[in-house]
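Enquirer: Positions in the sequence shown are counted from 1; adding 1484 to them yields the working numbering.
Derived from the structure by calculation, the hints contain no laboratory data.
Do not rely on the hints blindly, as some may be mistaken.
Said to hold, decoys possible - Simulated pairs of lysine-lysine, DSS-like, Cα-Cα distance not exceeding 27 Å:
1. Lys1748 with Lys1760
2. Lys1608 with Lys1597
3. Lys1627 with Lys1572
4. Lys1931 with Lys1555
5. Lys1555 with Lys1627
Claimed, not checked - Label-pair ranges, simulated between beta-carbon atoms:
6. Val1612 with Met1787: 39 to 45 Å
7. Asn1851 with Asn1960: 28 to 34 Å
8. Thr1568 with Asn1851: 22 to 28 Å
9. Ala1912 with Arg1786: 18 to 24 Å
C-beta: ideal position from N, C-alpha, C; glycine also.
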Amino acid sequence: MKYLLPSHAVHLPYTEIERLRRLYMLALGVIALLAIMGQIAVQIVLRNDETNARIVNIAGRQRMLSQKLCKLAAQMSFMEQTPTSAAKEDFLASLLLWRQSHAALQYGDVALKISEGKISDSVKAMFVRLAPTFLSMDAHCQKILSLASDTAQRPLMQHEATLLFRYSNEFLPQMNAIVFRYDEEFRASVRRLEILEGLLFGITLLVLFLEAALVFRPAVKHLRASVEAIEATNKELRHSNDILVRQQAVLEDQAVELEAINVKSQEQYLELERYKTTLEQQNRELEQHRSALQEQMFETERMYNEVRLARRAQSEFLANLSHEVRTPLAAVIGFTEIILADFITEEGKVFGNRVLQSANMLLLLMNDLIDFAQIEAGRFEIHGELQPIRPVIEELSALIGADARVKGLQMNVEIAPEVPKLLIFDAARVRQICFNLLSNAVKFTEKGRVDFRISFNAATGMMRFEVEDTGIGIPNEDLDRVFEPFIQQDGSQTRKYGGVGVGLALVQRIVRLKGGTVTLTSELGKRTLVVVELPQETPKESEE
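Please put together the full structure from these sequences, using the hints given.
Expert: Here it is, written out as structure tokens:
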């Protein structure tokens, strides 16, 4: 007789497997599409942040340029001597840059990397209201340029400078309002992209939930039913085999047929076991893939937040520091120079010069901070030109020597005879390096002396600057830390001597960009020696 499988044995149909496979592929495709859309959103945010930061910087630069035009106009109008061609060229260059920036903010500019169409209707209306003031300032600037070469027109030129100041006072508040409006619109754009990102994240979670409910759960359910059916089949097969053994004498002729049925059942059982193992492996792979996708989404979101915060912090730092501090400081310096030149007695010039010196030192500190940020961002440049180095050293010696004399310190400056009279170098960067080294030496020295030595090795083309003091010194374990930004060897030193801890870090980075080296040796409580070696070009025919 033939042995039939029990009626309750259930097998997973091929159509059901195909349906589950298609659902899984569909869910996988949707998740991949959402991940791609998330990456596109991140790229959009990065591009918008870069363009927006550039627009805010240029808008801020408009305010600084308007102040610079006023300062240059005052210098040319109220100085006794006729304005030099360099002063007029500086005034014209500032005027052209001012015009270009104003046009770029409204219509875009390829050279300034601002695409057309970035301005909203509300900002356009603000520019329309600003246009009369802008045109008036432009007209007065052109008239000042036309009168600059004629000494007889000096009163009319002064009158034009006064009018330029008046229109500048109207221009700055309106330009501030435009900058704030730009910032509000950029923030609103970022918020909209954040909402889109959150929506994509929610849709992804929903797809994962539907995948679990419509794919994984039915597959597990069918798999459990198949296993139960296989176990029931095996149990009945074992029972039937016992019956066949007891009836072997009677059913000898059916032994071959029953054996074949038993072999077939065993093969079916093994096949189902293999199928069960395959489904379990696929289930584990699906779970691993789902976990990997979740980790990728979390990592993408974290990177997006870090990039957004870093861009915003950098933009706010550069914009605020450059335009909110340097602009009024430049005005203080400019007006102090005018007062010293024309409006103050000889007795008051001592105090006026002290104000001017302090403002210049503060401006140097702000420039150090901005230069440090530019170095970190990879936008720092060094330019060299043929010029004498001794006036730079003498200027620094006079500036720092005054502070040393106030503290009762002896300051010695030694320029070796082999130092050429003319070198190709960046005077601003050399001044910046030496100023930071000398000011640190004076600051941390209570008594004794500060030695400043300059030498030149013609064989290697290396300029050597040495600054040695008899100050507090630095412990050996802190020698490397002093070159880290915003860190001093001891927190108590910051409270006692002041400073932000950026001087030596900036010196080291500028010297490395130039291809030089900085070495520091110190004995605690006795001395500190800083040696800077910079490669310097000499002219082919230098003056002996």
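Enquirer: A separate judgement is required for each hint: does it hold in the structure or not?
Expert: Status of the hints after comparison with the structure:
1. With a C-alpha separation of about 18 Å, the suggested pair Lys1748 and Lys1760 falls inside the 27 Å cut-off, and the hint holds.
2. Proximity of Lys1608 to Lys1597 is assessed by CA-CA distance (about 19 Å); at most 27 Å being required, the pair is judged to hold.
3. With a C-alpha separation of about 12 Å, the suggested pair Lys1627 and Lys1572 falls inside the 27 Å cut-off, and the hint holds.
4. Note on Lys1931 and Lys1555: the hinted pairing is violated, with a Cα-Cα distance of about 41 Å set against a maximum of 27 Å.
5. Taking the CA atoms of Lys1555 and Lys1627, the gap is near 16 Å; set against the 27 Å cutoff, the hint holds.
6. The hinted range of 39 to 45 Å is satisfied by Val1612 and Met1787, whose Cβ atoms lie roughly 41 Å apart.
7. Between Asn1851 and Asn1960 the beta carbon distance is about 32 Å. The supplied range of 28 to 34 Å therefore holds.
8. At roughly 25 Å, the beta-carbon separation of Thr1568 and Asn1851 lies within the given 22 to 28 Å, and the hint holds.
9. Distance hint check for Ala1912 and Arg1786: the Cβ-Cβ separation is about 40 Å, which falls outside the suggested range of 18 to 24 Å.
Hints 4, 9, counting from the list given before, are not met by this structure.
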